[in-house]
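S.K.: Residue numbers (the numbering used here), protein chains in the order written: chain B, 1 to 322; chain P, 323 to 682; chain W, 683 to 1089.
In case anyone wonders, no lab produced these hints; they're calculated from the structure.
All residues carry an ideal CB built from backbone N, CA and C; glycine is no exception.
Hints are supplied without guarantee of correctness; some may be wrong.
If you want the footprint, here are the derived chain B segments under chain P, 3+ residues with CB under 8 angstroms [claimed, not checked]:
id, stretch
1, 3 to 11
2, 48 to 58
3, 63 to 77
4, 91 to 99
5, 137 to 149
6, 247 to 256
The calculated lysine to any residue pairs, modelled on SDA-like cross-linking and capped at a C-alpha distance of 20 angstroms, are [what the hints assert, rightly or not]:
id, chain 1, residue 1, chain 2, residue 2
7, P, K374, P, K637
8, P, K374, P, F358
9, B, K15, B, A160
10, W, K1039, W, E1049
11, P, K486, B, G21
12, B, K185, P, L674
13, W, K859, B, F225
14, P, K483, B, P49
15, W, K859, B, A245
16, B, K185, P, G673
Among chain B residues calculated to face chain W with C-beta under 10 angstroms, some are [said to hold, decoys possible]:
id, residue
17, D200
18, Q276
19, G277
20, R321
The lines below spell out each chain.
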Amino acid sequence: MSITYLEAIREAQAKLLRDDGRVFIYGQDVGGTFGGAFKATKGLAKEFPGRVLNTPISEDAIVGTAIGAAMQGMRPIVEMQFADFSSIALNQILNQAGTHYWRTNVPIPITVRLPSGGTKGSGPFHSQSMESIYAHYPGLIVMTPATVEDAYTMLIEAVAIDDPVIYCEHKYLYYHLKADKLPEKGLLTGRARIAREGRDLTIVSYSAMMQESLAAAEELAREGFEIEVVDLRTVKPLDTDTVLASVARTGRLLSVGESFPWGGATAEVIARVTSQGFHLLDAAPQRLNAKDTPIPYHPNLWSAHRPNAKNIATKARALLRE
Amino acid sequence: MLQTAQRTAKSKTKKAPSASSHKTAADKAAPPHDRFLEAFRWMLLTRTLEEKLVSLYRGGLITGGVYIGKGQEAVSVASGLLLEKGDIFAPLIRDQAGRSAFGEPLLDVTRTYLGSRLGPMRGRDGNIHRGHPRNNELAMISHLGAMISVTVGTLMAKRSKGEKNFVGLACIGEGGMQTGSFHEGMNLAAIEQVPLVVVATNNHYAYSTPNDREFACHNLVDRAIGYGFEGYSLDGTDLAACLDVIGSAVKRARAGRPPQLVVASVLRLSGHGEHDDASYVPEEVKRQPFARDCLKVAEQTIVDFNLVDAETLDKWRKDAIAQVEEAIAAAQQEPAPEGDKEDWCALSNRGLADQPESPE
Amino acid sequence: MPQVPIIMPQLGESIAEATIVDIKVKPGDEVVDDQEIIDVETNKAVMGVTTPCKGKIDKIAVQLKETYPVGAVLGYVEASEADAARFAKQAPPPPQREIAEEIPTRADQDVAPARERRIAARDGEGARVGDLPVPAITKGATFMSPRVRARMAELQLTAADLAGIMGTGAGNRVTIKDLENFLHKIETQTAHEASAIRAGVADAMRRSWTRPLSTIGSSVSLDPVLQDRQSRDPKPGPGLYALRALAVALSKNPGAAAKLIGNRVVQSKSIDVGIAVEAEDGIMVPVIRGADKTSLADLATKYKELVELARQRRISPDMQAGGIATVSNFGTFGMQWGTPIPLPDQTLLLGLGVGKKVPSWNEEKKEFVPRTEAQITLSFDHRSIDGGGAGRLLKRVIELLENPNEL
Chain B
1 MSITYLEAIR EAQAKLLRDD GRVFIYGQDV GGTFGGAFKA TKGLAKEFPG
51 RVLNTPISED AIVGTAIGAA MQGMRPIVEM QFADFSSIAL NQILNQAGTH
101 YWRTNVPIPI TVRLPSGGTK GSGPFHSQSM ESIYAHYPGL IVMTPATVED
151 AYTMLIEAVA IDDPVIYCEH KYLYYHLKAD KLPEKGLLTG RARIAREGRD
201 LTIVSYSAMM QESLAAAEEL AREGFEIEVV DLRTVKPLDT DTVLASVART
251 GRLLSVGESF PWGGATAEVI ARVTSQGFHL LDAAPQRLNA KDTPIPYHPN
301 LWSAHRPNAK NIATKARALL RE
Chain P
323 MLQTAQRTAK SKTKKAPSAS SHKTAADKAA PPHDRFLEAF RWMLLTRTLE
373 EKLVSLYRGG LITGGVYIGK GQEAVSVASG LLLEKGDIFA PLIRDQAGRS
423 AFGEPLLDVT RTYLGSRLGP MRGRDGNIHR GHPRNNELAM ISHLGAMISV
473 TVGTLMAKRS KGEKNFVGLA CIGEGGMQTG SFHEGMNLAA IEQVPLVVVA
523 TNNHYAYSTP NDREFACHNL VDRAIGYGFE GYSLDGTDLA ACLDVIGSAV
573 KRARAGRPPQ LVVASVLRLS GHGEHDDASY VPEEVKRQPF ARDCLKVAEQ
623 TIVDFNLVDA ETLDKWRKDA IAQVEEAIAA AQQEPAPEGD KEDWCALSNR
673 GLADQPESPE
Chain W
683 MPQVPIIMPQ LGESIAEATI VDIKVKPGDE VVDDQEIIDV ETNKAVMGVT
733 TPCKGKIDKI AVQLKETYPV GAVLGYVEAS EADAARFAKQ APPPPQREIA
783 EEIPTRADQD VAPARERRIA ARDGEGARVG DLPVPAITKG ATFMSPRVRA
833 RMAELQLTAA DLAGIMGTGA GNRVTIKDLE NFLHKIETQT AHEASAIRAG
883 VADAMRRSWT RPLSTIGSSV SLDPVLQDRQ SRDPKPGPGL YALRALAVAL
933 SKNPGAAAKL IGNRVVQSKS IDVGIAVEAE DGIMVPVIRG ADKTSLADLA
983 TKYKELVELA RQRRISPDMQ AGGIATVSNF GTFGMQWGTP IPLPDQTLLL
1033 GLGVGKKVPS WNEEKKEFVP RTEAQITLSF DHRSIDGGGA GRLLKRVIEL
1083 LENPNEL
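Isolated chain B (complex conformation) (with noise of 0.2 angstroms):
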């Protein structure tokens, strides 16, 4: 039998709200036979009635609803529609829960999903990867699965955190990736998976750009390059001694990712780097991120606009010539 990334998400979903009485769903589309827009609920409000629920297009009081929930006890799930519609809520999501236990000492433990990343003809507002700009702001953890496995421990993980979790999950994962079986356990939250053993150079990446990071290395694999690729896993913490590890192994460092290049988590892993583990690098490191333009529509400009197999390995390869 094999799962597929989306479908971990919703058998996650139906664990806990199995085994939790306090969690519940709220989003656009969720409830009722739909299921959601991707099918990530699809069964679930019949399984378990009055806590899947349909809300309208309001996503500010969506989070804000699911923020007044979670004071009170609850473990809200709160499903974005894509996540380019979550900056509505934005200022619930950074000021109202990002600030509520540092300011308060009481923890809100929600969990937003937001549906990221880029699939053909997706065009501008259905595409982004926000995982950068909620990692920038304090009080929240930010998840970005890059494997079935994950997908299922992770969301699981993030209902229980007792912190505002963003789980960052990848549509075009959803059908594409797939495995045999969903793991009991996963890696700690906030450690990396060195997704692939190396030695002539380190890709740092995660999410839908690990599949990408992975058959570059493999093409490399065909040149006689053996290249280390990290799987952050959560972007916000980040496990900067698992990247250090590995560049102390290498040498070289590529950090990928899918996001506007200017900031953002490949940003963060070479400020880290160069500030912690000078003494480690044998070149400049380098990163490769999406254009710095909105996210085209026409397949040809949006394959052209995000990192690929192709250009992951061409930046790599000149960056074992330095």
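For this one, chain B is given, so just place chains P and W on it according to the hints.
M.R.: Same frame as chain B, now just chains P and W:
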């Protein structure tokens, strides 16, 4: 179960009797409301406290802004006083009277304003951004309208936990009513059929902006129908009317009616903050009926109806002063927070805190 | 029959061209697969270019001693259809556009000699590190990454220790892998710990060598000195005479020993000259302060004291600091001449070789006469003084040595 409540009745707006609810000296009756005097004392304490805060501010002893609710004490005290244990209160900027009546200690106020690290926010937030979420008093954020949906969420949670006979009351001004998040919160409150009372005070100025640049509808209370709320108008200068109307709204919400919107009209008698002199308010506005000082009106009512004698009134004034001075003196002796003693962690889960710098 | 091109191969990272030094075949010769037919020379080595396949040499398109870029067609082999097809699949990529465009093509030749042209890669315009061009000064082992530097610091290595490494990184720089491979190779060789003195000397010489040093020399007749010392007690050795001569010469010309620091010429107030004294485990170089004011007799006494101190290992670093020149009498080892390295804080080193009886032309007598001659060299920091200035100083020293009564 987090079921949405069945709509038991269609929402309707009802205009409360307007300024004429003010009883005249000819109607010799009992105190206009059974909690009139109790409410008055809270108003007196609040006015005394806030005047003292203003003078501390002018003396350079307070860092940051000072925002007072002068003129709005009647609306506010009614909002806080009539709630019961288990109810949720979401006060906003000019709700000192409500906060005190709801149970916030004076020391919380003075500690926060005077920078004691023992205050409820421990120096991490200041002035009116105070609260005790575990005591059902929400701590506001500056983005107006954002607290409405949060209040909705608390009420949904209480219902799902099986609690009964509770309400939530959120305060806002006519300025805050114009935000998108207010609109979303109101709509969602009615969809979720939560026992929410929104007390909106139109104090006629949002900072320096008068009503005609804030909303175009004839009467803000007309929006209640649009949201699926029941709506009432209120003369905010009249303490008895405030207790009546707000009390009634709270009762109706508690009884399971649709959410309630009360729109009070009373002039803001201070600047937007104490850094503002409100010189943009024209003299003719200050002569309007809604510009009357609710505290003076209430005092006049006490005198007219001889509800207590002058000596008692005087004693109440002195008591208020004493309480305020005690709270200020205590807070002034307390230590300030220190930057290098803070743990600088914004997560309750220390183990998941991100470490951008190497631990030194 | 199809023609298969013979292509100039990529002979190493960042090699852009090579010079033809030998052509082993001519048109019409039968050749086999992988047969070496042309020898080419790069700045690193001579290598052979081999045939792409078997067949018959159809054409040689290059000339001896001319230089051609990587990827250039050197000639053609006439080959079978099958071989030509096979080769076409493996054809190397065409030469880089930039280089090809630099070379003017001539109608009657496939390629033109490129020797007059400055090829981009060799002059640092092609190589890049991190998308910035590698300027000429950072080519080679002088650019060290933080990691390489950290490893060097850990092992207490200097750039001089890395001279033996051919870097494989951009611009021939030494990568961490190059360094680790090098260290690994050393592990297979016998080694023992260097003594403190050895390490000290190595460091001093390395520091001194960062300057452009030069040496000039001439011969000096030692007979006058040998005669003069007969009448003295104690008898100073020729080295001391040289020291005194240098000191006296410098006292009249102190600018010759001035140091250039930045763009300032720094002159010492005192003519302090050091002399090499052999100790048990190395050479010490104590400094005689005010050597121009110290008579030969006093010099002899002082020298005896210093030899004794050296034997007792009691010559302190203070005693060896602050000099402006040093004298080294390596003639005592039987050496004739040398290019000794001035101490890192000095700009001059006078070296005296062994005296030998040699025939010397006497113009008056018009015959060869015997004379005791030694080679005397002056090594100097060419930033502070030129050959002319050094020459004049040495000439004066020789004059004084050949007229010891002036000492």
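S.K.: Evaluate each hint against the coordinates.
M.R.: Results of checking the hints against the structure:
Coverage of the stretch 3 to 11 of chain B by chain P is violated [criterion: at least 3 residues with CB-CB distance below 8 angstroms; count 0]. Counting residues of the stretch 48 to 58 of chain B whose CB falls under 8 angstroms from any CB of chain P gives 7; the rule of at least 3 is met. Coverage of a stretch by a chain is defined here by at least three residues with a beta carbon nearer than 8 angstroms to that chain's beta carbons; for the stretch 63 to 77 of chain B and chain P the count is 13, and the condition holds. Only when three residues or more bring their CB closer than 8 angstroms to a CB of chain P does the claim for the stretch 91 to 99 of chain B stand; here the count is 6, and the claim holds.
For the stretch 137 to 149 of chain B, the proposed coverage by chain P is satisfied: 3 residues have a C-beta within less than 8 angstroms of a C-beta in that chain, meeting the threshold of three. Counting residues of the stretch 247 to 256 of chain B whose C-beta lies closer than 8 angstroms to any C-beta of chain P gives 0; at least three are required, and the coverage claim is violated. For the hint linking P/K374 to P/K637, the alpha-carbon distance of about 18 angstroms falls within 20 angstroms, and the restraint holds. Pair hint P/K374 plus P/F358 does not hold up; C-alpha atoms about 24 angstroms apart against a cutoff of 20 angstroms.
For the proposed pair B/K15 and B/A160, the alpha carbon gap of about 12 angstroms is at most 20 angstroms, so the pair holds. The straight-line distance between the Cα atoms of W/K1039 and W/E1049 is roughly 16 angstroms, inside the 20 angstroms bound, and the hint therefore holds. The straight-line distance between the Cα atoms of P/K486 and B/G21 is roughly 18 angstroms, inside the 20 angstroms bound, and the hint therefore holds. Of the supplied pair hints, the one linking B/K185 and P/L674 holds, its CA atoms being roughly 18 angstroms apart against a limit of 20 angstroms.
Restraint check for W/K859 and B/F225: satisfied, since their Cα atoms lie roughly 13 angstroms apart, inside the 20 angstroms limit. For the hint pairing P/K483 with B/P49, the CA-to-CA distance comes to about 15 angstroms; that is within 20 angstroms, so the pair holds. A threshold of 20 angstroms between alpha carbons decides the hint, and for W/K859 with B/A245 the separation of about 17 angstroms falls inside it, so the pair holds. At most 20 angstroms may separate the alpha-carbon atoms for a hinted pair to count; B/K185 and P/G673 meet this at roughly 18 angstroms.
Checking B/D200 against chain W by beta carbon gives a least distance of about 9 angstroms; that is within 10 angstroms, so the hint holds. The interface hint given for B/Q276 is broken, as the beta carbon of that residue sits about 12 angstroms from the closest beta carbon of chain W, more than 10 angstroms. Annotation: interface hint on B/G277 holds; nearest CB of chain W at approximately 9 angstroms, less than 10 angstroms. Hint status for B/R321 relative to chain W: holds, with the closest Cβ pair at about 6 angstroms, below 10 angstroms.
The structure fails to meet hints 1, 6, 8 and 18 from the earlier list, while all remaining hints are met.
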